[in-house]
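2 protein chains.
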Amino acid sequence: MAITVAVAGLGNIGRYAIEALETAPDCRCLGVIRRKASLGTDTLGLRGVPDFASIDDLTAKAGRPDVVLICGPSRSVPEMAPALLRQGFCTVDSFDIHDRMTEVVGTLDSAAREGQTVAITAAGWDPGTDSVLRALFEAMVPAGTSFTNFGRGRSMGHSVAARALPGVADATSITIPLGGGRHSRLVYVVLEEGATLENVTATIKADPYFAHDPLDVRAVTKEQLPFVADASHGVLLERVGASGLTSNQHLQFDMRINNPALTAQIMVSCARAAVRIRAAGTVGALTLIDIPPVQLLPGDRMANVARLV
Amino acid sequence: MAITVAVAGLGNIGRYAIEALETAPDCRCLGVIRRKASLGTDTLGLRGVPDFASIDDLTAKAGRPDVVLICGPSRSVPEMAPALLRQGFCTVDSFDIHDRMTEVVGTLDSAAREGQTVAITAAGWDPGTDSVLRALFEAMVPAGTSFTNFGRGRSMGHSVAARALPGVADATSITIPLGGGRHSRLVYVVLEEGATLENVTATIKADPYFAHDPLDVRAVTKEQLPFVADASHGVLLERVGASGLTSNQHLQFDMRINNPALTAQIMVSCARAAVRIRAAGTVGALTLIDIPPVQLLPGDRMANVARLV
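Which chain is which? The protein sequence lines are A and B, in order. So for the first sequence, our numbering puts the first residue at 1; every next one is plus one. So for the second sequence, our numbering puts the first residue at 1001; every next one is plus one.
Chain A extracted, bound-state conformation (with noise of 0.2 Å):
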């Protein structure tokens, strides 16, 4: 029986979970949920899927999803999640915006008892698989130095900051990695009408997204602002220390990649964790280091053991 999902959020993320839960040999997309309903199901991207206004509409017409896929702006899931998990719809975010990290799980977490059903946040790359690797890095090496190094790719965080600046019509920003953790800004701006680089720069430079980073901020023109904003992205994270007393033990992750397209497909196979935790009798929100790493994957837990322990 397939595990049910509907896709909450037509977006970059929203597009590629369409085509994520087309490969899942085991899950089903019921239809994309979106303020622009009723468009027709030949809309760029819903590749054939119908689309609803609201989730009780979609419910009604094409069956009630096991699991709801949250695909719009991290600040919508804490608003748009404890209502679905109150009426027991799994649901599954890539929440992303750390420092109120804990404050969602814990608002997600009363939710999802109160619905007796499970809920998966932060459920991308970063956090997300970056945040086992760090925690599988420090349960092998306990003592050492972990460094997350980002990029070079566009920081959607970043961009959306930068957007959101007076004398910004429009921007994409790129990370670029220095090593040690640390990292620079390179943002392409397209500056409103009467607005002067050195102005908006300075306000750049005085955001608190950008404000400790070193940052060089470019002038582009609208049509030129495609050409350097694509969706490549990358990571290494690196670890170097002790396993007991022994020292000189390296490990490192390095991933170059599509961004949403793997932030969509952490999604779905958090979905079909999700059911099964539920399944099993456990109720609250979790995160991707909450999870048994088998129960992301389709298929039989002895089988994927036998495969791949």
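FYI, nobody ran anything at the bench for these hints, they're computed from the structure. Errors might be hidden in some of the hints.
Quick look at which bits of chain B chain A covers, simulated, 3 or more residues with Cβ under 8 Å [as the list claims (entries may be wrong)]: (1) 1063 to 1076; (2) 1101 to 1112; (3) 1163 to 1177; (4) 1207 to 1215; (5) 1259 to 1269.
Built from N, CA and C at the ideal position, the CB exists for glycine as well.
Could you slot chain B onto chain A? The hints should help.
Below, chain B without anything else, positioned relative to chain A:
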């Protein structure tokens, strides 16, 4: 309250396990179980830890341990673990004979359920943490090819297999990666009196452990052998494939380590997980892909979520 641990066996892994327990903030090593016990706590490798001839002797004199780390050879695990599990101890082992994996998980699972306790098996780096990475890589990139490239380093399994062959007084087998998950074997042998390198090479080549890989056998003296046999090892784990319908996703894990030090550290991290999992009401045999990564780390779950996610 510290987790109390007994170390069964004082070979390479046992010695490093004592060191890893010494550095674990939440564990206490009650003693070592070994056949030649009572040589005094100043014996090489004991680091002041008392040794005992049996688990009963250790329990009577040093207290009942929560967990027994089985640090003998792999083949001793299915002989030794079930009796300990039936007595209600948690066990952790680094069993690594791939063909017997599901059989051993089954045997340990029955015994653990009888004793209402938890066994964590295959808790080394391969099988073990590499298994977690293989599972995670598939959850991120479901369509594609993974390669596990071992080495350069000494394979304990191949060294033991070579040592057991006729004409071989002693041996050490080095694994050299050839790419694409393939390996060649470089075997240094100390010949028994009357044996020839030609005959011994043919015997090794015919052994199932060596039959499928390019082989290079070199004769050394008893005195020379220690100079080609050390504990350095490593792995390069690669996966290239697609997340959903998006190709060109590249993942890579590269590690350079002291082999028994890492194995022992992972076993100690699993001792902690075993006790927690049992306390939460689960019994049975688990592998590393069955364990939430956060359970491997000391400290409070939410503090680790806040720090690592």
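Hint check results:
Look at the region 1063 to 1076 of chain B against chain A: 0 of its residues bring a Cβ nearer than 8 Å to a Cβ of that chain, fewer than three, so the hint is violated. Restraint check on the region 1101 to 1112 of chain B versus chain A: 3 residues with Cβ-Cβ distances below 8 Å, three needed, restraint holds. Restraint check on the region 1163 to 1177 of chain B versus chain A: 0 residues with Cβ-Cβ distances below 8 Å, three needed, restraint violated. A stretch counts as covered by a chain when three or more of its residues have a beta carbon under 8 Å from one of that chain; for the region 1207 to 1215 of chain B and chain A the count is 0, and the coverage is violated.
A stretch counts as covered by a chain when three or more of its residues have a beta carbon under 8 Å from one of that chain; for the region 1259 to 1269 of chain B and chain A the count is 7, and the coverage holds.
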